[in-house]
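Participant: Just so you know, the protein sequences line up as chains W and S, in that order. For the first sequence, the tail end lands on 388 under the numbering used here, and the numbers increase by one without skipping. For the second sequence, the tail end lands on 1807 under the numbering used here, and the numbers increase by one without skipping.
There may be inaccurate statements among the hints.
Partner residues aside, some chain W positions facing chain S, computed with beta carbon under 7 Å [claimed, not checked]: (1) GLU194; (2) PHE196; (3) GLY199; (4) PRO203; (5) HIS260; (6) ALA272; (7) ALA276; (8) THR278; (9) ARG279; (10) LEU298; (11) VAL359; (12) ARG361; (13) PRO372.
Hints are computed from structural coordinates only; laboratory data are not their basis. Yeah, the Cβ is synthetic: ideal placement off N, Cα and C, and Gly gets one too.
Read off the chains here:
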Amino acid sequence: MSTLTADDLRARVADLLAAHPPASTERLEFLRARFDAGLAWVHYPAGLGGLDAPRELQNVVEAELAKAGAPDNNPRRIGIGLGMAAPTILRFGTEEQKKRYLRPLWTGEEVWCQLFSEPGAGSDLAALGTRAVQDGDSWVVNGQKVWTSVAHIARFAILVTRSNPDVPKHQGMTYFICDMTDPGVEVRPLRQLTGEAEFNEVFLSGVRIPDANRLGAVGEGWKVAQTTLMNERVAIGGNAIPREGGLIGMVSKTWRDRPELRTPELHDRLLKLWVEAEAARLAGTRLRQQLAVGAPGPEGSAMKLAFANLQQALTGLEIELSGEDGLRYDDWTLRRPEKVDMLGRGPGYRYLRAKGNSIEGGTSEVLRNIISERVLGLPSEPRVDKDVAWKDLPR
Amino acid sequence: MSDLLYSEVEEDLRASVRDLLTDQAGFTSVLARTESAEPYDLKLWRTLATDLGLAGLAVPESLGGQGASYREVAVVMEELGRSVAPVPFLGSAVLATSALLAAGDAELLPRLAGGELIGALAVPLTSAPGTGFPGGVEANTEGALSGAVRTVADASAADVLIVPAVGPDGPGLYVVEKAAATVTEAVSLDLTRRLADVSLDNAPSRLLASGTDAEAVLRQTLLVGAGLLASEQVGVAQWCLDETVAYLKQRYQFGRPVGSFQALKHRLADLYLEIVSARATARYAADALATGIDDVPVAVAVAASTCSTVALHAAEQAVQLHGGIGMTWEHPAHLYLKRAKSSELALGTPGRHRAALADLVNLPPA
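Just chain S, with the same shape it has in the complex (with noise of 0.2 Å):
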């Protein structure tokens, strides 16, 4: 049976990613980000990907990445969900590297795993593991490419962008420099994580993998990107668990602290059998991915349709119990909201990860 706990080697990354987060992703430097010019904090990033080496934690050393695995990147994505902090970490750390290792690149993966470039994943953010290979974009006999891509996780902050097209043999996965697109950032629904409209005009582009190859790539990664996301919206649960538990011991109400009141002891009970769940699922997929297994994409649809409705009840319970102040900009609870909800829709919904399970596991539709 896979390891579910967390090693101590994961604790003390957790602990050093947790302490540069709060040090430097406080809930109000984070806010007034959202509103400033510069909604990413690369300087945050840098430490982040460079200094302490995340960016490539998965990577092979022979790759220029730490040679850690999958189950740190997870513990990584949660501390980033408890904070919500505005860093690529997902559309470079995640897809794009991830793309880039499962195709074998030996060439961009370097550059990306030491935090020296970023890069994203051109497919929309509600992409699922395992539908079709995107057909928005076509790539001509030179390798140019044109087309659209719409609600692009990271892209606005990206130097690189790892795009799905389809060429005259097929499909195809291609590297494209930030400067030869045109990336128009989006309003997006999450204040934290940016979205951008991505188009291709004859845009030069390097081949990465072709036919049935460029076709497994891009279902590895979304597994991998939806397995991760998974641990994230633990931390997003935590954290809206852990805020309002807090809350309610110190807001007092009809002469006592509402903490006391059964009604929501209860709410908050249940709130809590979940996050038991979620993480063992979490766990179970940042395991899978990391040791390979074929139960891989079973792991990753139980998790991710677990987490995802876990995080977005808890960011809502969160808004709820905290009242009239729940609602407000100034409080923190409503970007775990936004969070919460935007990554339901993320690399497949809950829905679609259980119609993809009901394949998996033999239970066909009526």
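For reference, chain W alone in the conformation it holds in the complex (with noise of 0.2 Å):
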């Protein structure tokens, strides 16, 4: 790691501003410039958006930019492609595909999605199916995936497959980049509870990929999606927020602005899940401060299951608390975001959308499997699947 201060830092951005005047240069030309100044994301090599500086110096750089009114990379519409995709592919990538994917990536201009759930393989997600059959120097890969968000305005995808069905499920996966644009792939909406479609299904009919585009030894598709999971356990939650950012500070306002909807009860509950989101907010910063100083701790894994509860509850809260307007909902018809806007919609919305922040990105079941073996170093249920061939397990 470089030895790179705050003050460097800020003296890059400088030159950076001086050279490209967020007024006058285009966006896309302004996040180029960016990127290529290695004020990306700080923390990754040089010449691939970074300065191999500390992560946490990537929030001067963010503050300084923001002071200056420069565009951002808006992250939340390519949030799949940074925080999944781009740590995969530094990872496990060759140095072609990481100087072919990175940049694009970064800049938004190249949207990525994840080709992970089946609709046979959601929390168990090493049981999939899809198929990928070596054929000369590429793969032709056949199946389904659900569950798929960004899928309709996605270029790339990561995906992983079954390349070997003869041994155990975790052996005989290989995980590829996909191009969304190749002949066979499929993308249908898939309209969810909320009444959009945010999510995709994806059927691949003899997509052929080339073995350039493998992330990872054949066969070691588990490892190399380990990453992506754990990366992604990090990027739910992990920002830092000021007290009542979010949702608490929307439902804190209401309950101030409208004395005529307050109860008792809801009071006790608002000041309840008021604490507990204060709690999380400090358990978050707690946790970034154990990262800074090279000490990851394994606070990280409960931080998910943490944000699924607090949301859940706290949009439940909101529509009791909104009197009346509870019983309405903003808008049924069929939608295809290109992001989850749960702070521009209703409460209706916020408190269905909410249900899913238990299920994405691993189940809270599974978290709390995990934080109790990975963490509380608990024995693991007795498991039938573990030495068994994938092609003769249950399904």
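Make one complex out of these two single chains by using the hints.
Facilitator: Quick look at the structure:
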């Protein structure tokens, strides 16, 4: 790691702003320049958008750029690329792959999605059955994926497949980068309980993927996928927020503005959740402080679980605190949003959408298993699928 | 943003306190003492207070202390929570000492900070920060105190009492020699933190602070107490989790270690999550008290309400998940349950702290 200081980074930001004044520079041009200056994600290697600097110095860069009114890369729209695809490519990709994919990923020119879950393999991801068969210097892929956010606008996907059905399930997987414009890739909207189709089903029929688009070794897809999943959990609920940031602030504001909606019971619940939100915020801060001094604690896996619990309790409370408006819904039309808009929609949407928080990115049940086994060291449940070839597993 | 981690110095302090407590406050000796004529381990107290200098950790060196801060006191509290050691640390090193510190007393403070004397704050242990000045004791024009205070923490081990009393000129804080008071040991729910009733009949006293000063000192003292008690509760909760996890790994039922059953694993994962949050709030409160930022009342209310609830939940789970053994007198779990339930009431219940918070963060009642 380099010995860059906050002041060094401020100077580099100043250089960037001087060479590319945000007011007179086209947005994409500015983002590309920022990437090339190593100010995209400062903890990444030099030449790949970073400077090998300590991760927490990114905050300095963001603050300076925000002050100067510089455009951002709309991180929520490209969250899967930033949070999941990029760290996986960084760790397992070839130099060529890193050079090709990371820059347009970061600038948002190319949106990424994640072809992981299948109708028959959600929490038990390693049970997946999408087949990849080698044919010369490419692979032929057939199967169906589901719950794929932003597949309809994605240019690329990270994809896990079954490449060998004759070995136990964790051993026969291979991981690819899939071009979503290739023949045989079909994306269909999957309407969800909120009315919109934020997710998709993705059908893969005879899709040819060059071997050069493989990430990691043949048969090592599970190991690669683990990196993606660990990063996914860190990405969710890992941001620094001010007190009363997010939903708790919204609910608190309603409480202050609408005295006629108050009841003693709601007051009690609101205060409990206010405390819980503040505690979660402090725990998140503590986690980031641990990461910053290079001592990552096991708290990370707990934060996503805490986030889901809190979001669901808060959105439930918010509807009750909405009076007669709690009975209404803002819009049931089928929409295909590019990102989740929790704060921009109504309480009914928030309540329904938050139900996904305990399912997406690892169900709360699976996270509890992970915490109890990997953090607390409790023994695992007896496993019946561990030494059985994938093809012989009941499904 | 505050530093919510433990410094190296704090970790060293933790290690030395834990070593001492492991050595001198093992469960069987703690349990044996609860039924003896000497419920306090004053030998252990002298080692902690005098040899290690922990009674005056947050007291400036010029006043006979160590010149550290409430962050370090919080670490000691965590370890005392882990061991439920029967020493008057909360009453003397936290409550009485911080009252003297807030009052700017240079006379008695060095003797408490050095461990020479043990003090106690004569308020019911249930007193919450920000509630009204207690009116149970009256001071006459000569400063002689009369009245009664129930359920005072650590009073029976104390040499001096810091007594809030109302005199002809309003509220005041007074120092009373234990010998001038009648202190009657109560039967406490918490076997390792003793309570006593104090009655005063024309007891001579020395005035420490009066009027709004006295009110401010008492409010600050109770804030410090509640904020640091949160760290003790984190220690209690962590012990309960660690001990329960260890037990579930070695206890077999239905041909499997009990800890391999998902139903139990999920409960422990939830408990772990609660403790992660509780520790963050306790660290924030300790740091806020140490640095004296404006956010102290919010930090304390958040920590106190969170940590009380988490410690109690942890202790209740520990008893349940130990099965029958958890119900026995010989297993330590009950001492932690008793400490956790008592601490839930101490220095403000979670509900009282949330009510205080409603005011502080402008979320008025219905």
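Participant: Decide, hint by hint, whether the structure agrees.
Facilitator: Hints and how they fare:
no., hint, verdict
1, GLU194, "violated (30 Å)"
2, PHE196, "violated (34 Å)"
3, GLY199, "violated (40 Å)"
4, PRO203, "violated (42 Å)"
5, HIS260, "holds (5 Å)"
6, ALA272, "holds (4 Å)"
7, ALA276, "holds (4 Å)"
8, THR278, "holds (6 Å)"
9, ARG279, "holds (4 Å)"
10, LEU298, "holds (6 Å)"
11, VAL359, "violated (10 Å)"
12, ARG361, "holds (4 Å)"
13, PRO372, "holds (4 Å)"
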